[in-house]
Amino acid sequence: MRVQVERRHHGSIIVASLAGELDHHAAQAVRTALDQELTGRRRVRLILDLSEVTFMDSSGLGVILGRYKKVQDTDGEMVIAGVSKAIDRLLEMSGLHKIVRMYPNCETAVVALKEVAK
Amino acid sequence: MNATNEMSISFTALSENEAFARVAVAAFVLPLNPTMEELTEIKTIVSEAVTNAIIHGYQEKYGIIYLQCKIMGDKMELVIEDHGVGIEDVDVVRQPLYTSRPDLERSGMGFTIMESFVDEIEVDSAVKRGTRLRFVKHIRSPLSATRYEV
Chain A
1 MRVQVERRHH
11 GSIIVASLAG
21 ELDHHAAQAV
31 RTALDQELTG
41 RRRVRLILDL
51 SEVTFMDSSG
61 LGVILGRYKK
71 VQDTDGEMVI
81 AGVSKAIDRL
91 LEMSGLHKIV
101 RMYPNCETAV
111 VALKEVAK
Chain B
119 MNATNEMSIS
129 FTALSENEAF
139 ARVAVAAFVL
149 PLNPTMEELT
159 EIKTIVSEAV
169 TNAIIHGYQE
179 KYGIIYLQCK
189 IMGDKMELVI
199 EDHGVGIEDV
209 DVVRQPLYTS
219 RPDLERSGMG
229 FTIMESFVDE
239 IEVDSAVKRG
249 TRLRFVKHIR
259 SPLSATRYEV
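Residue numbers (our numbering), protein chains in the order written: chain A, 1 to 118; chain B, 119 to 268.
It should be emphasised that the hints constitute simulated quantities derived from the structure, not laboratory data.
If you're wondering where the values come from, they're calculated on a predicted model, not measured in any experiment.
One should not assume that every hint holds.
[To be verified] If you want the ones that stay clear, here's a sample from chain B, every Cβ over 12 Å from chain A, calculated:
no.: 1; residue: A145
no.: 2; residue: N151
no.: 3; residue: K179
no.: 4; residue: Y180
no.: 5; residue: Q186
no.: 6; residue: K188
no.: 7; residue: V236
no.: 8; residue: E238
no.: 9; residue: V241
no.: 10; residue: K246
[As the list claims (entries may be wrong)] Pairs of lysine-lysine residues, derived as DSS-like cross-links and limited to a Cα-Cα distance of at most 30 Å, are as follows:
no.: 11; chain 1: A; residue 1: K85; chain 2: B; residue 2: K193
no.: 12; chain 1: A; residue 1: K114; chain 2: A; residue 2: K69
no.: 13; chain 1: B; residue 1: K188; chain 2: A; residue 2: K85
no.: 14; chain 1: A; residue 1: K85; chain 2: A; residue 2: K69
Just so you know, even glycine gets a beta-carbon here, dropped at the ideal spot from N, CA and C.
Full structure from sequences and hints, please.
This is the structure we're talking about:
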């Protein structure tokens, strides 16, 4: 699994793009990579871009839920972009649908988070 | 009904084998012409069961996972077994959001997902003996359905 992190909107929005299969094997590396970006920050605005995730199971749900809690602890907001039908089904089953905002792609998520920052 | 085709594999309980197991089963069931959605469900079931064996059954220590898959008409039967620590109370672990390993950020959704994606599920477990999960899933797509590469 590949994790690419970039900053948008003058560095105030973190976009983490995941690509590949998010299972238990990949989970620890993804967790470490994302937590590096969150540590010591306040009011983190994180976009988790899942548009290139080709497979995900409950280990992926654990990673997403864990990052959601960490971002909440910073008084920030995490949103998810580019969810496939298969991943959407898992998010719905877990109840994440109700607590995390979803956007069809990264660009719409950036626009939405810019609005929050205003 | 007798199995028309069957395969079995055994492999070390290592997380890098999760992808191997789900791709092996997905490739094996391809003659049933599953849809992309059914294929994803099958891969997810395998992934959940193998991950459970690694994390909970063998507690991330050395062990062997036994996987058997049979095709019987339009349905597949899948058995995934470990000889690890076993489950004390199966009803408890089947509850949504239950996890015995919150330290690993487990979501506790594994069993719920497996139950949603199959037609039948049987859990046979004994403490210090191991756990055997048996699934039956009907492949409902017509034979003319498009085939997919895995």
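Consistency of the hints with the structure:
1. A145: Consistent with the label, A145 of chain B stays out of reach of chain A, its closest Cβ about 14 Å off (over 12 Å).
2. N151: Fine: 18 Å to the nearest Cβ keeps N151 of chain B off the interface.
3. K179: holds (15 Å)
4. Y180: holds (17 Å)
5. Q186: Q186 of chain B clear of chain A: closest Cβ-Cβ about 21 Å, beyond 12 Å.
6. K188: K188 of chain B is indeed farther than 12 Å from all Cβ atoms of chain A, at 23 Å.
7. V236: Its Cβ never comes within 12 Å of chain A, the nearest being 14 Å, so this holds.
8. E238: holds (19 Å)
9. V241: holds (16 Å)
10. K246: holds (24 Å)
11. A:K85 x B:K193: holds (24 Å)
12. A:K114 x A:K69: holds (21 Å)
13. B:K188 x A:K85: Holds: K188 of chain B and K85 of chain A sit about 28 Å apart, inside 30 Å.
14. A:K85 x A:K69: OK: K85 of chain A and K69 of chain A at ~24 Å, within 30 Å.
Hint violations for this structure: none, all hints satisfied.
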